[in-house]
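Engineer: Work the whole structure out from these sequences, hints included.
Respectively, the protein sequence lines represent chains A and B.
Residue numbers are given in the working numbering: position 185 of the first sequence equals residue 185, and the series is strictly consecutive.
Quick note: to get the working numbering, add 1000 to the position in the second sequence (first position is 1).
Careful, some of the hints might be misleading.
[As the list claims (entries may be wrong)] To give a feel for the contact side, a few chain A residues facing chain B, derived at Cβ under 7 angstroms:
id, residue
1, Asn-85
2, Asn-96
3, Tyr-113
If you're looking for bench data, these hints aren't it; they were derived computationally from the structure.
Note that the structure is a prediction, hence the values are computed from the model and not measured.
Each residue gets a CB set at the ideal place from its N, CA and C atoms; glycine is no exception.
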Amino acid sequence: MTALIETRNLKKIYGTGEATVHALAGVDVKVKRGEFVAIMGPSGSGKSTLMNILGCLDSPTEGEYILDGRVVSQLSREELAEVRNQKLGFIFQAFNLLPRLSTLANVMLPMLYNPDEEVSDDEARNRAVASLEAVGLGSRLDHLPSEISGGQQQRVAIARALVNNPPVILADEPTGNLDSKSSVEIIDILHKLHDNGATIVMVTHEPEIARHAQRVICVRDGLIISDGHDGESECMRSY
Amino acid sequence: MKFKRTLRIAWEGLTLNKVRSFLTTLGVIIGVASVIVMLAVSSGAEAAIADQINALGANLLIVGPMRGMPGASKTMVIDDALAIEEQVVGITGISAEQAPPAQDIKANGVSLEAISVIGTTADFPDVRDYAVADGRYFNAVEDDRKAKVAVLGAGIAKDLFGEFSPIGQTVTVGSTKLTIIGVMEEKGIVSDLDYDGRIYLPINLVFQKYITGMTLSSDRVKTIYVKVESQDKIDSVITQINVLLAERHDVDPAAPDFSVQTQQDIIATQEATTAAFRDLLAWVAGISLLVGGIGIMNIMLVSVTERTREIGLRQALGAKPQDVLMQFLLEAIILSLVGGLVGVILGVGGSYLFNALGTMQTRIVPLSIPLAFGAAAIVGIFFGYYPAAQAAKLEPIVALRHE
Ligand SMILES: Nc1ncnc2c1ncn2[C@@H]1O[C@H](COP(=O)(O)OP(=O)(O)OP(=O)(O)O)[C@@H](O)[C@H]1O
Ligand SMILES: [Mg+2]
Chain A
1 MTALIETRNL KKIYGTGEAT VHALAGVDVK VKRGEFVAIM GPSGSGKSTL
51 MNILGCLDSP TEGEYILDGR VVSQLSREEL AEVRNQKLGF IFQAFNLLPR
101 LSTLANVMLP MLYNPDEEVS DDEARNRAVA SLEAVGLGSR LDHLPSEISG
151 GQQQRVAIAR ALVNNPPVIL ADEPTGNLDS KSSVEIIDIL HKLHDNGATI
201 VMVTHEPEIA RHAQRVICVR DGLIISDGHD GESECMRSY
Chain B
1001 MKFKRTLRIA WEGLTLNKVR SFLTTLGVII GVASVIVMLA VSSGAEAAIA
1051 DQINALGANL LIVGPMRGMP GASKTMVIDD ALAIEEQVVG ITGISAEQAP
1101 PAQDIKANGV SLEAISVIGT TADFPDVRDY AVADGRYFNA VEDDRKAKVA
1151 VLGAGIAKDL FGEFSPIGQT VTVGSTKLTI IGVMEEKGIV SDLDYDGRIY
1201 LPINLVFQKY ITGMTLSSDR VKTIYVKVES QDKIDSVITQ INVLLAERHD
1251 VDPAAPDFSV QTQQDIIATQ EATTAAFRDL LAWVAGISLL VGGIGIMNIM
1301 LVSVTERTRE IGLRQALGAK PQDVLMQFLL EAIILSLVGG LVGVILGVGG
1351 SYLFNALGTM QTRIVPLSIP LAFGAAAIVG IFFGYYPAAQ AAKLEPIVAL
1401 RHE
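Structural biologist: Written out as structure tokens, the structure reads:
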């Protein structure tokens, strides 16, 4: 099976001269369809930089990124927006829900930007409700983000990431702002998604969370230093 | 429909911050309403002037000394008026008028100070379309004989005698006792003259009793009104008067010491004044609309900055630069269109109200409504575009990281 995600010599360089930072110093990574990958590494090692490029939110200084057979590192802003809408589901550490919209409206947001297919209001609503039910929030449709717990907010964010059925779910420290009980809930949901065939790439600092992934990639100073499939990698021991 | 969706997003954005949206629109509301009201006011003023001038009577010519020419005011005399009446063909009457200094008057135990006295010839009511309401006007014979009679303006009659008829009573004008033979109908103020507040006397009596200290030229008249038979004879009458008076005054017809004006001439002069007034008002209103537009731009810029993270998130979820641009542009356009609509309603309503309350005569200029509304829409697009373009230019990751 070909890789769903593939990067070749990916580099991200910030600043010039003395102040140059190689946030990514040449990253080659392949993720196959249906994999659950955790990315670990110390603070400032380049994990978020990598995730943002994989998520088409940022572009690499050098190198290629191929997503689902398409070289996305050369796409226009419009095309990238479509890729984000159709191929990628994001889960942020800070949830990033719009505070004045209900949970339902938040989950419906991605469908507002679907490029071709015309999603009717009813269908959009049904899909959003189904998505919220899948994360166990079927009874919280009309609440504002401020009216539910952090764990619940992150579940709304997951529902939003799922609503367009993207092949890839990207999560940058999804449990970073949560207590351990909520973290477990979130990781259980991600597990379930994976079991249903989703491809997940997740950044985390916590070994217990990373342990749920099939594969742990360890990053340091903008380079991959280990890539293990058993969850017993060198990176996790070093924490 | 993609547009409908974007429209809804923009609408949601606005309704989430209702107070701010309202305050932003206020600038446009005031701008649009003032454009409509101000044009209605100046158009109303024009209409009022035209009405008043037409109220002088149809087909009226006004003959007077040439304005600004030294000595010209001394050459026009009552005999000129009589010559016009006798020799010019195509007229139905003339009314020569002279106004001596204001006089104190006394009647029925009431005294009034500094009342305008107008000496006229007998055809005055006819020529000026100004009828006698009670009693009668003096006739030509009485005028010739300098009969001691007076006709009161409606206001004067009321001030002196209240509801009672003053006919046959005596009024003392200056130091002369006169018999009141008539009261004019109410006419109000026309071209700044209060017709009701005056008293009308035979012009020859005025020459004798009230023009003092200038005995040599005590037959001078201020204005000769000439009523022409019909519209198509006006040109011919003007020519005859020009020839006749130039000969009588012994002046070159090309540089006369008198002028013959039609009502149209006077209306045109007045309109030039009101046009300047209207232009000024239009500028003021236009500038207030511009200020409203700048208000929209200001708020939209604040809004874009404030909602940078929201923009980043929408981009992360698939919003294209075009979607972001349209969202903010539509917000600005909705603000200005709603402002425009409310402004039109307030402007039209306000104009009617001014009229109904009698504050000002207004006449809504139909064109001003699409004009003001269109200007509001353009203001929205013009001032909304820059902030919207700023929002669309943001890189997703930069916007998302914005604090
Ligand atoms: N916009 C930027 N401008 C300059 N330097 C940046 C920028 N973004 C990231 N960096 C630098 O790039 C390096 C990698 O940052 P990145 O955020 O990817 O680290 P990380 O592994 O996600 O860290 P953490 O675990 O703290 O989230 C850091 O040295 C950081 O200072
Ligand atoms: Mg990070």
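Engineer: Each hint should be assessed against the structure and marked as holding or not.
Structural biologist: Tested hints:
{"no.": "1", "hint": "Asn-85", "verdict": "holds (2 angstroms)"}
{"no.": "2", "hint": "Asn-96", "verdict": "holds (5 angstroms)"}
{"no.": "3", "hint": "Tyr-113", "verdict": "holds (4 angstroms)"}
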